Amino acid sequence: MSLTASTKLRGLLEIISAANEFDNVPIRHHEDVLLRRLQDRLPVKVSSNKINSPQVKTNLLLQAHFSRFQLPPDLQSDQHLVLSRVISLLQAAVDVISSNGWLAPALAAMELAQMCVQGLWDSDSPLRQIPYFTPDLVKTCAADGVDSVFALMGLEDEDRARLLAGFDAQQVREVARFCNRYPSIDLSFEVVDSDSLVAGAPVVLKVTLERESDEDEAAAGAADVGPVIAPYFPLKKDEGWWIVAGNPETKSLLAIKRFTLQTRLNVKLEFVAPKAGKFACKLYLMSDSYLGVDQELDVDLDVAEGEESSDEEEEGEAEAGEEEDGAADEDTQMAE
Numbered sequence: 001m002s003l004t005a006s007t008k009l010r011g012l013l014e015i016i017s018a019a020n021e022f023d024n025v026p027i028r029h030h031e032d033v034l035l036r037r038l039q040d041r042l043p044v045k046v047s048s049n050k051i052n053s054p055q056v057k058t059n060l061l062l063q064a065h066f067s068r069f070q071l072p073p074d075l076q077s078d079q080h081l082v083l084s085r086v087i088s089l090l091q092a093a094v095d096v097i098s099s100n101g102w103l104a105p106a107l108a109a110m111e112l113a114q115m116c117v118q119g120l121w122d123s124d125s126p127l128r129q130i131p132y133f134t135p136d137l138v139k140t141c142a143a144d145g146v147d148s149v150f151a152l153m154g155l156e157d158e159d160r161a162r163l164l165a166g167f168d169a170q171q172v173r174e175v176a177r178f179c180n181r182y183p184s185i186d187l188s189f190e191v192v193d194s195d196s197l198v199a200g201a202p203v204v205l206k207v208t209l210e211r212e213s214d215e216d217e218a219a220a221g222a223a224d225v226g227p228v229i230a231p232y233f234p235l236k237k238d239e240g241w242w243i244v245a246g247n248p249e250t251k252s253l254l255a256i257k258r259f260t261l262q263t264r265l266n267v268k269l270e271f272v273a274p275k276a277g278k279f280a281c282k283l284y285l286m287s288d289s290y291l292g293v294d295q296e297l298d299v300d301l302d303v304a305e306g307e308e309s310s311d312e313e314e315e316g317e318a319e320a321g322e323e324e325d326g327a328a329d330e331d332t333q334m335a336e
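For the sequence shown, UniProt numbering gives the first residue as 1, with consecutive numbering after it.
Hints are computed from structural coordinates only; laboratory data are not their basis. The structure presented is a predicted model; accordingly, all values stated were derived computationally and were not measured. None of the hints are false.
Below 30 Å or equal to it, Euclidean Cα-Cα: the simulated DSS-like pairs (lysine-lysine) are: (1) K139 with K45; (2) K206 with K278; (3) K268 with K8; (4) K282 with K257; (5) K8 with K237; (6) K251 with K275; (7) K278 with K268; (8) K282 with K206; (9) K257 with K237; (10) K257 with K236; (11) K237 with K206; (12) K8 with K139; (13) K282 with K251; (14) K251 with K268.
Could you build all of it, start to finish, from the sequences and the hints given here?
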């Protein structure tokens, strides 16, 4: 299997698992029995004929990580090896996909990076990232209309205390630490010279990103960025981000930049304006570490005809006129 414009997250998981970097994942004697049992509990099935291959084992270990399964010590050690290499592979995959202008697989690779860091499936609630938040507690939160970390943070103190009533003081402090570290980014943009966009000429988006912080952090002049809080990831991980301009209608990726963000940052994205007329695309902000913080904004452009297209139209009209004149001459000669 190879990367294509239509590769989805599950296909990307298979492709990443087959990378040469995992060729030395050890296969132990009689380990196939453990791997088959593991596969029976996982949602994405792989070929049982190759259960002893490093590629299939890597796939199963990643799925077990997303499912937060407890593994025997040997498999856990192998899983840590896989996780220590997978983020750099996904970053390289994003580069390759972006160079081909494929939007959906690029976004899928970014989501897969989040899954690897947090040890969750893309379908899991973002609340599962918070320390001590079990599936049962997530259901309780959902019943109260709390379905995201931001929704939990926005609760009145007494309502939040009621949801965390089963936690001791240390656990509450860890929950607060996670919520304070969880990135809330204010995303805005402007189209440079938006009134004079021309088909075939560059479009420049000036994107502004600003991390929201509490009053104490604002007074100190810095937000609490620090390493990502990811207890299921075996390595220290710093936040990384992608900003992407894409056209979901044509499924094309127009521009992309990777960056880190402390407090505030201006980023420029540039791509070529399409044909004249109304043009709608989207701006995507994607994390490589946290679920539930991605954003997308609509970008509406009004593109005028370029000089080239105007010249071509004039040439076409002139040629059509010459043909009509020639036909008229022939008619005159026939009449004579």
